[in-house]
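**Student:** So the protein lines, in turn, are chains A and B.
Under my numbering, the first sequence has 9 at position 9, and the numbering climbs by one with no breaks.
Under my numbering, the second sequence has 117 at position 117, and the numbering climbs by one with no breaks.
I should point out that these hints are in silico values taken from the structure, not numbers from a laboratory.
All values derive from a computational prediction rather than experimental measurement.
Check before you lean on any hint, since a few could be wrong.
As the list claims (entries may be wrong) - Computed footprint of chain A on chain B, listed as stretches where at least three residues anywhere in the stretch have a Cβ under 8 Å from a Cβ of chain A: (1) 173-182; (2) 232-238; (3) 501-511.
To be verified - The calculated DSS-like cross-link candidates involving lysine-lysine, where the alpha carbons are at most 25 Å apart (straight line), are: (4) B:K217 with B:K244; (5) A:K112 with B:K495; (6) A:K16 with B:K154; (7) B:K495 with A:K117; (8) A:K76 with B:K198; (9) B:K523 with A:K117; (10) B:K198 with B:K138; (11) B:K495 with A:K52; (12) B:K476 with A:K112; (13) A:K117 with B:K500.
For each residue, glycine too, the CB sits at the ideal point set by N, CA and C.
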Amino acid sequence: MYKRPSITINVISKNKEALKEILAGIEEEELYYEVSECFESFQMCAEALALKAAEASNLEVGIGVTEDEICVHVRKLRNYCSLFKFQLRNYDYRAYVEISRCVGINAARYVKGVPFK
Amino acid sequence: MKLVAGVDIGNSSTEVCLAEVYDNGRLKFISSSLVETTGIKGTVNNVEGIISGIELALKKGSRIISELKEIRINEAAPVIGDTAMETITETIITESTMIGHNPSTPGGVGLGVGEIISLKQLKQLLNDSDESINYEEKYIVLAPQDYDYGTIAKYINEGFNKGIKITAAMLQKDEGVLVSNRLIKTIPIVDEIKFIEKVQLNTMGAVEVAESGYTIKTLSNPYGIATIFSLNAEETKNIVPVAKSLIGIRSAVVIKTPKGQVKEKVIPAGTIYLKAKNQTEQVNLDEGAEKIMDALVNLEELDDVDGEAGTNIGGMISNVKNTMAELTNIDIREAKIKDLLAIDTFLPVKVNGALAGETFLEKAVAVAAMVKTDRLPMLSISAKLEKQLGIKVKIAGVEAVMAIMGAMTTPGMKLPLAILDLGGGSTDAALSDEKGIVKSIHLAGAGELVTMLINSELDLKDRNLAEEIKKNPVAKVESLFHIRMENREIKFFEKPLDAKYFGRNVVIGNELLPIYKEISMEKIIEVRRSAKERIFVKNAIRALSIIAPMNNIRNISSVVIVGGSALDFEISDMILKELSKFKIVAGRGNIRAEEGPRNAVATGLVISSVL
Chain A
1 MYKRPSITIN
11 VISKNKEALK
21 EILAGIEEEE
31 LYYEVSECFE
41 SFQMCAEALA
51 LKAAEASNLE
61 VGIGVTEDEI
71 CVHVRKLRNY
81 CSLFKFQLRN
91 YDYRAYVEIS
101 RCVGINAARY
111 VKGVPFK
Chain B
1 MKLVAGVDIG
11 NSSTEVCLAE
21 VYDNGRLKFI
31 SSSLVETTGI
41 KGTVNNVEGI
51 ISGIELALKK
61 GSRIISELKE
71 IRINEAAPVI
81 GDTAMETITE
91 TIITESTMIG
101 HNPSTPGGVG
111 LGVGEIISLK
121 QLKQLLNDSD
131 ESINYEEKYI
141 VLAPQDYDYG
151 TIAKYINEGF
161 NKGIKITAAM
171 LQKDEGVLVS
181 NRLIKTIPIV
191 DEIKFIEKVQ
201 LNTMGAVEVA
211 ESGYTIKTLS
221 NPYGIATIFS
231 LNAEETKNIV
241 PVAKSLIGIR
251 SAVVIKTPKG
261 QVKEKVIPAG
271 TIYLKAKNQT
281 EQVNLDEGAE
291 KIMDALVNLE
301 ELDDVDGEAG
311 TNIGGMISNV
321 KNTMAELTNI
331 DIREAKIKDL
341 LAIDTFLPVK
351 VNGALAGETF
361 LEKAVAVAAM
371 VKTDRLPMLS
381 ISAKLEKQLG
391 IKVKIAGVEA
401 VMAIMGAMTT
411 PGMKLPLAIL
421 DLGGGSTDAA
431 LSDEKGIVKS
441 IHLAGAGELV
451 TMLINSELDL
461 KDRNLAEEIK
471 KNPVAKVESL
481 FHIRMENREI
491 KFFEKPLDAK
501 YFGRNVVIGN
511 ELLPIYKEIS
521 MEKIIEVRRS
531 AKERIFVKNA
541 IRALSIIAPM
551 NNIRNISSVV
561 IVGGSALDFE
571 ISDMILKELS
581 KFKIVAGRGN
591 IRAEEGPRNA
601 VATGLVISSV
611 L
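Using the sequences and the hints given, assemble the complete structure.
**Tutor:** Written as structure tokens, this is what we have:
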């Protein structure tokens, strides 16, 4: 089956707010996404989730979202550390919303080869 | 045998040449060094730099200071240069008449014309009864950042459903695509409008977004705007600067305000007075650099230059003279400007009245001026140096003569010989005939002016970055593991690059320096090369023409290029190319067959000890 080139997002929590902003960021940069709920992997940290998503994505970019962390990883960096990682508890609501939006935008910009926000 | 050091104090660098001098006149060169000049050339502050230069050369040659018997310093050319820049135009957007910042992700496509209303006003319209609404009216909806994309789309859709003609939208947040994707009809949407609150509501506006990859057609055309707003001939003429500033972008907004327009004012920047023995030429700075340089050519020999009192150019010229007068302990009236180089350039300036932070390139004139007097106080430098080190110090000779002697050590040289010394503060030339008689000239405008032009034309506001861009090639970071250099070569990295480099242009200095400004690589290369052309190539021709026999540059057969700026990866080639048009053979010197174009004067100083 033909799958559109998309950024895969692995979610293990009901962190709806962060996810919504991430998706908005990707959409604004005119790219596609695919959300995958991985509740059985609830012990995995955001970085591991993100890497798994990157391996699954045909754009080679993945985002992991847990209750408290969001992380962007890319397949090329599998032997190194992730591209971006944020602990949401360190920020107040407004900042957290802005950061989640930026995460989506920058994940898309990585694909496009454009400088990050 | 005695160990001798030759020291050349320049505007930017101090160079040392160390050699063993034998009684029979034989010379054995040991080592050389290069350090930054401390203080202004020709002042006792230079001593600190001289000493570190000497120590470095000694270390490199495995000698100790007690072995050094004589230090020879140059009779530094008593010229001091300075640079300044003045904008001569100013653009003002009056009454918020247009938005042309070209956001990266506008929404929708097409041209929408209508009365600008806020989202609040739209909400009110939605509540109005059907009879009170004028369905013929067209609207453009303005949404500030208080509203999220979902809400904005919801209200606009409600408007569509009610039959209200909404033709376009303007947003404060970067959400053009998000809103557009949720609308039931496609309309053009311009986003990222920073100062949206300054837009006058209930005025007529036009929004245009071109297809991806294309640029706008209507708003960049004065007749297009005239058609939309039914302008008369006079109004159309006034709208031309607006249209002009919207050329080549993907999206824009034009608002019809009563007196709105883009005004380009000429700023009175002051008058320059060029004085020769029998005549004075006067030029207004805002007439541009070409006019000033043309006026200079008309004068046989420049005696002095003055600037109109109370203007920036007046201030700059008196500053340069003041510095010189202080240095040489002479009256300021004795300090004369012997050369001036004026260059037309641009300065990106934030436009007054812009709604989205737009910058325009304002015309500017950059000026380098050079002051000359009889002698610089080299005696006070030699006295202090002798006292501090306890070694005999001699002021050995005129810079130009020393430079020629040093240049002669380049394999393949013979007299007559012309040299071009490209430095940081001045461009110098010297010509020596078979008998050893030397003519020399010092011109304003060199490496430091190039850096200043690069800094302002790329709007870097960072002199160090400008200096690095001048000296090194640039590259684009294409992935986290590789960069593509300007010559199309690719360089890979073992470890991934930091995210801050991704997608950016970088300068390949000692380490990668990211350039945060959104400028294309082509633009950086163009500005870099153009600055070097306008200053060094121009001054090379000027200088050689002045010292050439009968002022005809074709009478020079060969030129050796020396000096710090000769090391630059592009400048020498540019000069070579230009000089070949006059059938002149030019090439970079190779002092003592190993230094390249550096160390000419220092080497010459050492050689002069056996003559």
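**Student:** Determine for every hint whether it applies to the structure shown.
**Tutor:** Each hint, compared with the structure:
1. 173-182: Holds, because 6 residues of the stretch 173-182 of chain B bring their Cβ atoms closer than 8 Å to Cβ atoms of chain A.
2. 232-238: Three-residue rule not met by the stretch 232-238 of chain B, so violated; n is 0.
3. 501-511: Coverage by chain A holds for the stretch 501-511 of chain B (3 residues, Cβ < 8 Å).
4. B:K217 with B:K244: With a Cα-Cα distance of about 12 Å, the restraint between B:K217 and B:K244 holds, given a limit of 25 Å.
5. A:K112 with B:K495: The hint holds at about 21 Å.
6. A:K16 with B:K154: Since the Cα atoms of A:K16 and B:K154 sit roughly 21 Å apart, the hinted pair holds (cutoff 25 Å).
7. B:K495 with A:K117: With a Cα-Cα distance of about 23 Å, the restraint between B:K495 and A:K117 holds, given a limit of 25 Å.
8. A:K76 with B:K198: Given pair A:K76, B:K198 is violated - Cα atoms ~46 Å apart, limit 25 Å.
9. B:K523 with A:K117: 22 Å, holds
10. B:K198 with B:K138: 21 Å, holds
11. B:K495 with A:K52: 21 Å, holds
12. B:K476 with A:K112: 14 Å, holds
13. A:K117 with B:K500: 10 Å, holds
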